[in-house]
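Please model the complete structure; the sequences and the hints are all you need to start from.
Protein chains: 2
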Amino acid sequence: MGKIWAMIFSIVVSLSAFLLAGWLYQWVKKQDSTNEKIHKISELIRSGANTFLRKEYIILAKFAGVIALLMFVFLPEPIWKTTGIVDVFENNLTIMFAYIFGTVFSAMAGKIGIFVATIANKKTAEAAQKGIRPSFLSGFRGGAVMGMAVVGASLLGVSLVFLITNNATMLLGFSFGASSLALFAKAGGGIYTKTADISADLVGKVELGIPEDDPRNPAVIADNVGDNVGDVAGMGADLFDSHVASMAAALVMASAIDVVAGNSINVTMVFVYAAIGLLASVVGVAAARMGKSDDPTKALNTSTYLTTGIFAVFTALATWIFSFEWRIYGAAMVGLLVGVIVGITTDYFTNDTKSPVRKVAKASQSGPALTIISGVSYGFLSVLPAMVGIAVSAFVAYKLTAPLGDGYALFGISMAAVGMLSIVGMIISNDAYGPIVDNARGLAEMGGLGDEVIQITDTLDSAGNTVKAVTKGFAISAAGLTVISLLGAFISEVNVAALSLGKPLIAGFDIMDPAVFFGLLIGASVPAVFSALLMLGVNRNAERMVAEIHRQFDEIPGLKEGKEGVMPESDKCIDIATDGALKELIPAGLFAIVITILVGIVGGVYAIGGFLAGNIVSGLLLALFMSNSGGLWDNGKKYIEAGNLGGKGSDAHKAAVVGDTVGDPFKDTAGPSINTQITVVSLIASLLSVIFLTFSLF
Amino acid sequence: MGKIWAMIFSIVVSLSAFLLAGWLYQWVKKQDSTNEKIHKISELIRSGANTFLRKEYIILAKFAGVIALLMFVFLPEPIWKTTGIVDVFENNLTIMFAYIFGTVFSAMAGKIGIFVATIANKKTAEAAQKGIRPSFLSGFRGGAVMGMAVVGASLLGVSLVFLITNNATMLLGFSFGASSLALFAKAGGGIYTKTADISADLVGKVELGIPEDDPRNPAVIADNVGDNVGDVAGMGADLFDSHVASMAAALVMASAIDVVAGNSINVTMVFVYAAIGLLASVVGVAAARMGKSDDPTKALNTSTYLTTGIFAVFTALATWIFSFEWRIYGAAMVGLLVGVIVGITTDYFTNDTKSPVRKVAKASQSGPALTIISGVSYGFLSVLPAMVGIAVSAFVAYKLTAPLGDGYALFGISMAAVGMLSIVGMIISNDAYGPIVDNARGLAEMGGLGDEVIQITDTLDSAGNTVKAVTKGFAISAAGLTVISLLGAFISEVNVAALSLGKPLIAGFDIMDPAVFFGLLIGASVPAVFSALLMLGVNRNAERMVAEIHRQFDEIPGLKEGKEGVMPESDKCIDIATDGALKELIPAGLFAIVITILVGIVGGVYAIGGFLAGNIVSGLLLALFMSNSGGLWDNGKKYIEAGNLGGKGSDAHKAAVVGDTVGDPFKDTAGPSINTQITVVSLIASLLSVIFLTFSLF
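Read top to bottom, the protein sequences are chains A and B. Quick note on numbering: my numbering labels position 683 of the first sequence as 691, and the sequence is numbered without any gaps. Quick note on numbering: my numbering labels position 133 of the second sequence as 141, and the sequence is numbered without any gaps.
No lab work stands behind these hints, which were simulated from the structure alone. Don't take every hint at face value.
Same chains, same names: a pair is fine if it fits in one copy or spans any two.
Pairs of lysine to aspartate or glutamate residues, derived as EDC-like cross-links and limited to a Cα-Cα distance of at most 20 Å, are as follows [to be verified]:
#1 370 x 551
#2 662 x 215
#3 63 x 583
#4 370 x 215
Quick caveat, the model's predicted, so the values are computed rather than measured.
Shown next as structure tokens:
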């Protein structure tokens with residue numbers, strides 16, 4: 009099979025994913041929805057989420073416009089240079105369009121996901137009146153639309169860009185577009201969701217002692233909106249970004265090998281594998297339902313394993329039929345395996361049936377300080393298996409594929425990333441299920457559907473939490489492997505540029521080179537500063553919203569007492585969350601971009617090589633730490649709320665609530681945003697490689 | 009001047025430091041001490057500290073015995089190899105003795121420091137009755153004994169070992185001895201001090217609401233003992249370790265250059281600079297007193313700046329007289345400057361007159377969760393200036409000295425570390441002042457010396473806290489620069505071994521080499537896991553001690569009510585803290601050692617190179633984060649206790665206490681122990697280089 013056919017196959021598979029998404033949407037839409045009150049609240053959530061998306065996309069459009077212009081002028085080579093081996097003008101124009109394309113595709117997928125998720129939430133709530141099975145299916149299928157749309161758009165976009173330009177560098181432009189959007193969607197959405205969550209809890213639970221999702225609380229709707237914009241749109245954009253980046257990196261290296269060999273077998277392989285991954289997810293999603301057991305977690309896991317199995321078998325078949333290299337198949341399988349292992353270890357550290365959560369819950373009996381200390385400790389411990397897993401998979405993939413010849417070793421690592429991300433359609437579906445059932449729980453409470461229904465949604469919600477923790481570990485590892493291969497793509501790009509400029513080629517980045525070490529140290533501090541800026545943004549934004557909630561309780565007569573017909577002004581809270589989130593993400597985003605450029609200008613490409621490595625390493629460390637400790641505190645609190653160690657209202661519970669609140673921005677704002685930060689920085693470095701080669705101070 | 013004379017000069021200066029220490033001790037001893045009650049309590053602290061040291065040294069002796077034996081058999085080359093270019097038997101015997109020597113010298117300095125500190129505390133308390141000036145002088149001079157003893161012993165030891173063996177590799181053995189002791193002293197002392205502190209606070213302040221240092225609390229004496237074993241002996245051993253390591257690394261590289269050039273100018277330079285540094289500290293310490301102002305912080309800073317100035321001027325003079333390279337002088341000055349800058353930025357993030365502490369205190373009004381989130385955020389932010397400072401100083405030192413020829417660039421970095429650590433005698437003196445006045449405050453309270461006296465000791469104590477935060481930033485940066493130069497020493501060692509084994513030489517560690525990247529990722533996770541194990545150790549140990557305190561309050565009649573003559577069984581708490589601390593540090597220490605060896609065996613020297621780089625980078629990051637956020641929370645609490653934001657007993661205060669308790673193991677156990685962990689790992693790697701070259705799997 010030639011690469012053209014492989015791309016056409018990929019496009020067909022993408023379209024089939026869109027078809028499935030359309031069918032799922034129709035199915036969800038057909039479900040009953042009769043409760044007027046729920047419908048009304050759901051509309052509030054829907055319009056809140058749309059407001060956020062609209063404002064986000066407007067700001068993004070301005071940002072992307074500026075970046076696109078800069079790209080046109082400077083990238084891959086400054087436009088006034090006409091001496092290159094390629095037509096600079098045409099090249100710059102193409103990469104600019106690829107970039108815009110990347111933002112638009114990702115935005116489109118996010119929009120579709122939110123559109124369906126905000127319908128599926130009410131359907132899921134009402135379906136819970138009929139039982140757990142139909143309710144599960146509504147939630148899952150609503151989420152699966154996002155999964156299919158994201159991966160479909162990603163594969164379609166990559167295939168189209170490559171089919172049209174036949175130039176892997178252009179994919180980096182597309183990928184950078186996806187990253188730009190992910191930065192806004194993930195970091196902005198993360199600030200949004202935690203602003204609302206913390207504010208709602210601080211005033212509602214802590215000050216007034218009213219239940220979660222109490223309709224009197226003006227921040228409750230914003231909190232539910234936050235679930236959608238943070239966990240549906242944000243996570244979707246994040247994984248869209250990773251999926252595109254993994255393919256882009258693999259294709260950059262595959263092209264380089266294929267050009268030398270005069271064939272297209274490796275490029276073909278990347279497309280075939282990615283398409284099979286999506287196909288496997290399509291089957292997994294379509295097949296998902298609760299079997300005889302009443303356990304939604306099991307249902308989600310079964311579909312995931314099914315997808316994994318299909319991918320492993322069919323890629324083997326394809327490798328056999330099309331005579332791809334078995335060693336590269338091995339690399340992809342190693343990536344897949346490590347993804348599963350990281351998922352399992354993440355589960356160990358965040359599952360309330362396991363020792364870490366139990367011990368943290370127990371420590372909470374001695375007050376919040378010990379909740380925090382022990383949670384931080386287990387969070388630190390939890391990084392080891394994932395880091396070792398990523399290290400080993402990169403090492404094994406490299407060793408497996410290095411014997412194939414020049415360039416294969418780094419290509420092998422990138423194929424491990426492709427392997428790990430192959431089942432991402434399934435992963436996103438599982439993940440988007442979480443906020444839908446979380447919303448459904450809120451709607452059931454606010455709509456007064458009764459305790460039995462709330463209990464069903466609680467069960468579904470709890471499965472969502474477990475799956476979410478696993479997904480995050482998976483997303484972070486995938487980002488880790490992807491950026492390792494982006495480092496390879498960076499070297500490829502630098503050397504293409506060095507060749508055309510007549511500069512010496514770069515073989516690697518020696519740690520003992522002071523420029524590399526300089527970059528390493530600074531790169532390592534970036535994720536820490538980036539997350540600090542985001543978390544401080546959440547704090548500032550939450551202060552504003554808490555003040556607004558206080559104002560409403562003080563000024564709206566009858567609100568605190570829950571007088572019939574008195575409604576809070578939820579839209580004001582939504583506005584605060586939206587405007588604040590988009591404002592507060594700017595310092596963090598700018599910091600990451602500016603410091604990359606500064607290091608490159610000061611220290612040149614060697615400093616940037618070190619910078620990227622430091623950034624990856626400390627980014628993985630902090631992202632894993634924050635996501636896992638956050639998940640652990642969340643489940644520690646839930647464990648106590650389930651009646652253990654004194655249950656709700658006990659001192660242990662109060663301490664656990666503190667842990668959970670600390671964990672909120674850890675796991676939902678800073679931790680997962682670091683992924684995006686790493687990718688953005690890596691792509692900027694690759695795209696600016698010519699600039700750094702030409703203009704650096706040292 | 010030849011190197012022999014330089015070493016003799018160093019030995020003479022070391023002896024002058026010991027003389028000054030002796031004089032200071034006599035001076036402290038002569039101060040009044042008449043209060044019987046204070047004397048009795050002080051004796052309890054003294055004997056508690058001695059118990060800990062004794063037990064620590066017994067365990068250490070066993071550990072060091074095993075290590076010494078292993079070194080004899082395996083290091084630098086396996087003893088059964090007789091084909092090397094040197095006499096293996098004699099070499100191994102020498103390095104073994106150098107190792108033992110290193111542990112003994114450090115232990116001796118620690119013992120002297122504790123001996124004087126536990127006398128100076130009561131003298132300081134009683135002197136406070138006469139005013140702040142004499143009290144300050146007692147505290148400072150008591151601490152200065154430690155400063156002089158540590159740096160005197162370090163310089164004396166290094167000079168003697170080099171004078172006797174004339175072999176820089178043997179210094180790595182000496183340095184490893186110092187590191188072994190530091191691991192026990194710093195990590196063990198850190199667990200001890202925080203076990204006692206947290207337990208005393210949890211039961212005393214939180215449960216019973218009795219004041220700090222209340223004599224009824226059985227953990228109070230242990231808490232005061234902890235200040236001595238953690239902050240005097242532990243910090244002393246840590247800086248002894250860094251000072252020795254910086255000299256060892258510089259001498260390894262200086263020797264390599266000098267051998268090729270056939271002279272000894274660079275070795276001479278290292279000794280002359282180190283000796284001038286100690287001399288400057290001697291002058292600074294002797295001159296220190298409170299001038300006309302009543303500000304103890306100013307007095308401490310003035311002496312530090314005096315020392316810095318003397319060092320800068322006299323090394324310039326020496327460089328001129330002995331025709332050392334001015335570029336290397338420049339590198340040393342860059343190190344010194346960066347040390348000062350890091351000190352100042354650390355001060356910004358932990359000083360209660362600056363914005364971060366104020367903002368965290370303000371956030372505490374909304375509950376402990378926001379105290380933690382904002383403290384973590386500022387802690388993350390605080391890493392940037394120090395990381396950039398270290399990166400820039402290494403980069404500048406390298407660029408300055410690289411033109412001098414082969415080997416000079418890494419030597420330049422090591423001289424930046426020597427420059428930064430030159431004033432360490434003064435730094436330790438300032439640092440040991442802290443726990444002495446802290447103890448004095450406790451003694452004044454327990455001895456009933458009245459509010460005015462307590463207030464004086466409070467003022468002295470607060471200066472101690474500020475200085476301590478600065479010292480920690482300094483110690484961490486110094487460790488950072490030192491280990492970068494240890495990385496250079498590692499390459500030197502590997503290549504000496506490679507040469508004798510006929511293996512290819514190593515030019516550097518390329519990040520794109522999968523073995524290097526493999527090491528990088530795993531190395532980066534080690535400090536996180538190491539600190540997690542220590543903090544969990546503190547938790548477990550604190551649980552045991554809290555149980556014991558509860559038992560005493562329940563079983564000893566009249567204790568809770570404070571009946572005249574009823575004393576708690578403080579010794580039981582001391583035993584728990586001691587045994588627990590030494591037990592709990594074992595998993596952390598073993599983990600760091602074993603994983604280093606594993607990575608080396610699996611991935612060989614390249615993996616170890618990456619491992620060390622990852623370890624340094626993430627170690628610096630986490631150490632800075634934890635030390636600074638801990639200091640910030642501590643001072644945030646103090647700021648509120650000074651009457652701001654509602655003062656003691658307010659909700660903000662309660663939240664700030666949670667922050668302070670979380671910060672305790674951050675800043676006094678895990679954060680500073682990471683220094684030692686990094687050095688230990690770097691030295692093991694250097695010492696085992698032959699093994700990794702010969703036996704690695706890949």
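Cross-check of the supplied hints:
1. 370 x 551: The answer is between: 11 Å across copies meets 20 Å, while 31 Å in one copy does not.
2. 662 x 215: both (12 Å within a copy, 16 Å between copies)
3. 63 x 583: Result: close within a single copy only, 10 Å intra versus 62 Å inter.
4. 370 x 215: between (25 Å within a copy, 17 Å between copies)
Hint check: no violations occur; every hint is consistent with the structure.
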